[in-house]
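For this one, chain G is given, so just place chain L on it according to the hints.
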Amino acid sequence: MMTGKDRYLLEVSGLKKYFEVGKKKTLKAVDEVSFYIRKGETLGVVGESGCGKTTCGRTCIGLYEKTDGQVLYRGEDVHQMKGEKRRQFTKQAQIIFQDPYASLDPKMKVSEIIAEGIRAHELAGSEAEIKKRVEELLVTVGLDGSYGTRYVHEFSGGQRQRIGIARALAVEPEFIVCDEPISALDVSIQAQIVNLLEKLKKEKGLTYMFIAHDLSMVKHISDRVMVMYLGKIMEITTSENLYNKPEHPYTKALLSAIPIPDPHVEEKKVRIRMAGEIPSPFNPPSGCRFQNRCPYAVEKCRMEEPALTQIEEEHFAACHRCGEF
Amino acid sequence: MDTILKVENLSVLFRTYAGEVQAVRNISFEIEEGNVTAIVGESGCGKSVTSKSIMGLINKPGIVSKESKIFFQDENILEYTEKQWENYRGQGCSMVFQDALTALNPTMNIGKQITEKILVHKKVPKKEAWQEGIRMLELVGIPNAAMRMKQYPHEFSGGMRQRVMIAIALTLNPKLLIADEPTTALDVTIQADILEMMKDIQKTHGMTIILITHDLGIVANFAQNIIVMYAGKVVEKGSSEDIFYRPAHPYTEALLRAVPRLDVSEETLETIEGAPPNMAKPPIGCPFAARCKKKLPVCEQKFPEKAELTKGHEVCCWLQKGDR
Numbered sequence: 001m002m003t004g005k006d007r008y009l010l011e012v013s014g015l016k017k018y019f020e021v022g023k024k025k026t027l028k029a030v031d032e033v034s035f036y037i038r039k040g041e042t043l044g045v046v047g048e049s050g051c052g053k054t055t056c057g058r059t060c061i062g063l064y065e066k067t068d069g070q071v072l073y074r075g076e077d078v079h080q081m082k083g084e085k086r087r088q089f090t091k092q093a094q095i096i097f098q099d100p101y102a103s104l105d106p107k108m109k110v111s112e113i114i115a116e117g118i119r120a121h122e123l124a125g126s127e128a129e130i131k132k133r134v135e136e137l138l139v140t141v142g143l144d145g146s147y148g149t150r151y152v153h154e155f156s157g158g159q160r161q162r163i164g165i166a167r168a169l170a171v172e173p174e175f176i177v178c179d180e181p182i183s184a185l186d187v188s189i190q191a192q193i194v195n196l197l198e199k200l201k202k203e204k205g206l207t208y209m210f211i212a213h214d215l216s217m218v219k220h221i222s223d224r225v226m227v228m229y230l231g232k233i234m235e236i237t238t239s240e241n242l243y244n245k246p247e248h249p250y251t252k253a254l255l256s257a258i259p260i261p262d263p264h265v266e267e268k269k270v271r272i273r274m275a276g277e278i279p280s281p282f283n284p285p286s287g288c289r290f291q292n293r294c295p296y297a298v299e300k301c302r303m304e305e306p307a308l309t310q311i312e313e314e315h316f317a318a319c320h321r322c323g324e325f
Numbered sequence: 001m002d003t004i005l006k007v008e009n010l011s012v013l014f015r016t017y018a019g020e021v022q023a024v025r026n027i028s029f030e031i032e033e034g035n036v037t038a039i040v041g042e043s044g045c046g047k048s049v050t051s052k053s054i055m056g057l058i059n060k061p062g063i064v065s066k067e068s069k070i071f072f073q074d075e076n077i078l079e080y081t082e083k084q085w086e087n088y089r090g091q092g093c094s095m096v097f098q099d100a101l102t103a104l105n106p107t108m109n110i111g112k113q114i115t116e117k118i119l120v121h122k123k124v125p126k127k128e129a130w131q132e133g134i135r136m137l138e139l140v141g142i143p144n145a146a147m148r149m150k151q152y153p154h155e156f157s158g159g160m161r162q163r164v165m166i167a168i169a170l171t172l173n174p175k176l177l178i179a180d181e182p183t184t185a186l187d188v189t190i191q192a193d194i195l196e197m198m199k200d201i202q203k204t205h206g207m208t209i210i211l212i213t214h215d216l217g218i219v220a221n222f223a224q225n226i227i228v229m230y231a232g233k234v235v236e237k238g239s240s241e242d243i244f245y246r247p248a249h250p251y252t253e254a255l256l257r258a259v260p261r262l263d264v265s266e267e268t269l270e271t272i273e274g275a276p277p278n279m280a281k282p283p284i285g286c287p288f289a290a291r292c293k294k295k296l297p298v299c300e301q302k303f304p305e306k307a308e309l310t311k312g313h314e315v316c317c318w319l320q321k322g323d324r
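Note that the protein sequences, when read in sequence, are chains G and L.
Residue numbering for the first sequence follows this note's numbering, starting at 1 and increasing by one per position.
Residue numbering for the second sequence follows this note's numbering, starting at 1 and increasing by one per position.
Calculated from the structure, these hints are not laboratory results.
Computed from a predicted model, the values in this text were never measured in an experiment.
Beta carbons: idealized from backbone N, C-alpha and C, even for Gly.
Treat the hints with caution; some may be incorrect.
[As the list claims (entries may be wrong)] For lysine to aspartate or glutamate, the following EDC-like pairs were computed, each having C-alpha atoms within a straight-line distance of at most 20 Å:
no.: 1; chain 1: G; residue 1: Lys202; chain 2: L; residue 2: Glu266
no.: 2; chain 1: G; residue 1: Lys204; chain 2: G; residue 2: Glu154
no.: 3; chain 1: L; residue 1: Lys203; chain 2: G; residue 2: Glu312
no.: 4; chain 1: G; residue 1: Lys269; chain 2: G; residue 2: Glu299
no.: 5; chain 1: L; residue 1: Lys199; chain 2: G; residue 2: Glu267
no.: 6; chain 1: G; residue 1: Lys202; chain 2: G; residue 2: Asp223
no.: 7; chain 1: L; residue 1: Lys295; chain 2: L; residue 2: Glu266
no.: 8; chain 1: G; residue 1: Lys39; chain 2: G; residue 2: Glu314
no.: 9; chain 1: G; residue 1: Lys199; chain 2: L; residue 2: Glu75
no.: 10; chain 1: L; residue 1: Lys203; chain 2: G; residue 2: Glu240
no.: 11; chain 1: G; residue 1: Lys82; chain 2: G; residue 2: Glu112
no.: 12; chain 1: G; residue 1: Lys245; chain 2: L; residue 2: Asp263
no.: 13; chain 1: L; residue 1: Lys175; chain 2: L; residue 2: Glu253
no.: 14; chain 1: G; residue 1: Lys201; chain 2: L; residue 2: Glu116
no.: 15; chain 1: L; residue 1: Lys281; chain 2: G; residue 2: Glu266
no.: 16; chain 1: G; residue 1: Lys268; chain 2: L; residue 2: Glu155
no.: 17; chain 1: G; residue 1: Lys268; chain 2: G; residue 2: Asp223
no.: 18; chain 1: G; residue 1: Lys201; chain 2: L; residue 2: Glu253
no.: 19; chain 1: G; residue 1: Lys252; chain 2: L; residue 2: Asp263
no.: 20; chain 1: L; residue 1: Lys83; chain 2: L; residue 2: Glu30
[Unchecked claim] Facing chain G, according to a computed beta carbon distance under 8 Å, are these residues of chain L, among others:
no.: 21; residue: Glu116
no.: 22; residue: Ile201
no.: 23; residue: Ala258
This is chain G alone, in the form it adopts within the complex (with noise of 0.2 Å):
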């Protein structure tokens, strides 16, 4: 094992970042959010719509300026980063966007979009080579290479999402963060972009910020899991962990929601009801944010933020009760 700093590829610490809406008003859609990526492994994210996660994830690849704290890649500040440096940068962290029907230009041919990444970091001396290495990368995505000279109105939810990892891997990345790259598509197709993900980790040694609200994917892929909630972290740990001994009230009512196709298993199933919905992060509540629907909630939770501590090995979690139940 490697010690020291540059056993994390990725180390986020006190990271903030807050949206001005409107008149005096702040969105505080990352708050305070610390944690680390090693390199070659796979970090979910995960949370309930407005979490924060896709800020999240943005931030750290520099894509949204920080409003505070600190993102390091390979120790450098990402958003200190100029020039030749940022440059390099861009390359070396990708992005993967959810929605893959709006993310992908309608009115370039994929082999424009692919090549793009290629021009604007010259990977390839000419052209013919250019031609070559989008071909091999649509092959690599499982797409044929010569689907390079369609638009991409021609192809199906999953192709689509396929031409946006190979845009992705077209500059030769490290790390890929990936934006909820499946919740758009069918069951079917779902398995085979997520094999396809871990496939191209393996052969390429990549990193992966998994960001996702489907549990039972993310419990799949990843190493370790990030549970958020109103912009905070709420629980992080190994995947193992996350679900077999879960600390956060949060994630064990998060488990419980997801509905397992096993109709005895189902029916046994309890679950942990949270009171109403997740409030508006305009407002949220005092101490723990997660307080008032939280069904195990005590007067200090009402007073005081709670820290995220120790646990165990790899096990951090946000609670004034941990370990109670």
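Below, chain L without anything else, positioned relative to chain G:
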């Protein structure tokens, strides 16, 4: 148990520039009264078109073929006059649409949208209709119902909007409720709440529900009967037990294995390679043959006849023909 709805040889096609798209191809099934039946399949399998046919909502360029028959309590609804349709929609059968934001009118408050339906069907004073609306919102678990009646759709969250949709569908107490992917756009936690609420109402009112979904997970603890559709055909149908524990069609099996499960760890997910066929030119044989791992030579030449394995468990697959 009585049959409330009987679909016989239903075919629906759409005349488009790309040719005739055969969305639903000669399907037949029955819905038992007081039960929840799920129609499961991927996008483009014809499940939504089937439900729209039952509601009489197929418009040009869609055509319901002449041979099709849909019996609702022994009356063929496809022969209904416009007046009969109006009665049937709302009192006989009601529908919850997938996307609550587009299905609700953004310029009308919620109260108006609920009472509109009551006022059209029943001759009651507006005040009474308003009270009924409040009662419906309370039934689907919306707090402060009286205040919420005056609000507009944009003031509701996604989950609350879907509850409003269900409340509208449930007014007039229809005998049959069709829920077309009612929870697809929602978070898992909200999804679980809404399903639980629907389950409760179904039990207390003894309503018949047709649940249309692509997610086998939400079906598991909800539906008694399941119909699996693929490329406009019913490929398998049976009780929930049959489909989950004794799937007979390779597509059903593959669909069950392609979903990762929280309670089981697997190394790689099994995939269904390829994509569903183009419905403008559907294959002559079994539509799943091109993606099927157990394909026989006959599969691509002829669509398999229905085979009944046990009572109520029917499958269309050549594999079941040979060895039984």
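Do the hints match the structure? See the list:
Distance hint between Lys202(G) and Glu266(L) is fulfilled; the C-alpha atoms sit about 17 Å from each other, no more than 20 Å. The suggested pairing of Lys204(G) with Glu154(G) is violated, with an alpha-carbon distance near 29 Å, which exceeds 20 Å. A distance of roughly 45 Å separates the Cα atoms of Lys203(L) and Glu312(G); the hinted pair therefore is violated under the 20 Å criterion. Our distance criterion of 20 Å between C-alpha atoms is broken by Lys269(G) and Glu299(G), whose separation comes to about 30 Å.
For the hint pairing Lys199(L) with Glu267(G), the CA-to-CA distance comes to about 13 Å; that is within 20 Å, so the pair holds. Restraint check for Lys202(G) and Asp223(G): satisfied, since their Cα atoms lie roughly 13 Å apart, inside the 20 Å limit. Only pairs whose Cα atoms come within 20 Å are accepted, and Lys295(L) paired with Glu266(L) is rejected, the gap being roughly 25 Å. Taken as a hint, the Lys39(G) and Glu314(G) pair is honoured in the structure, with Cα atoms around 16 Å apart against an allowance of 20 Å.
Annotation: proposed proximity of Lys199(G) to Glu75(L) is violated, straight-line Cα distance about 55 Å (limit 20 Å). This hinted pair does not check out: Lys203(L) and Glu240(G) have alpha carbons roughly 37 Å apart, beyond 20 Å. The suggested pairing of Lys82(G) with Glu112(G) is violated, with an alpha-carbon distance near 27 Å, which exceeds 20 Å. Between Lys245(G) and Asp263(L), the direct Cα distance comes to roughly 12 Å. Compliance with the 20 Å bound is thereby established for this hinted pair.
For the given pair, Lys175(L) sits about 33 Å from Glu253(L) by alpha-carbon distance, which is inconsistent with the 20 Å threshold. For the suggested pair Lys201(G) and Glu116(L), the alpha carbons sit about 55 Å apart, so the restraint of at most 20 Å is broken. At roughly 40 Å between alpha-carbon atoms, Lys281(L) and Glu266(G) are farther apart than 20 Å, so this suggested pair is violated. For a cut-off of 20 Å, the pair hint linking Lys268(G) to Glu155(L) is broken: about 36 Å separates their Cα positions.
Under the criterion of a C-alpha separation no larger than 20 Å, the hint pairing Lys268(G) with Asp223(G) is inconsistent with the structure, at around 28 Å. Using a Cα cut-off of 20 Å, the hinted pair Lys201(G) and Glu253(L) is violated, with the two alpha carbons roughly 28 Å apart. For the suggested pair Lys252(G) and Asp263(L), the alpha carbons sit about 14 Å apart, so the restraint of at most 20 Å is met. Distance check on the hinted pair: Lys83(L) and Glu30(L) sit about 25 Å apart at the alpha-carbon level, beyond 20 Å; violated.
Taken as an interface hint, Glu116(L) does not check out: its beta carbon lies about 27 Å from the nearest beta carbon of chain G, beyond 8 Å. Because the beta carbon of Ile201(L) sits about 17 Å from the nearest beta carbon in chain G, more than 8 Å, this interface hint is broken. Against a cut-off of 8 Å between C-beta atoms, the interface hint on Ala258(L) holds, since the closest Cβ of chain G lies about 4 Å away.
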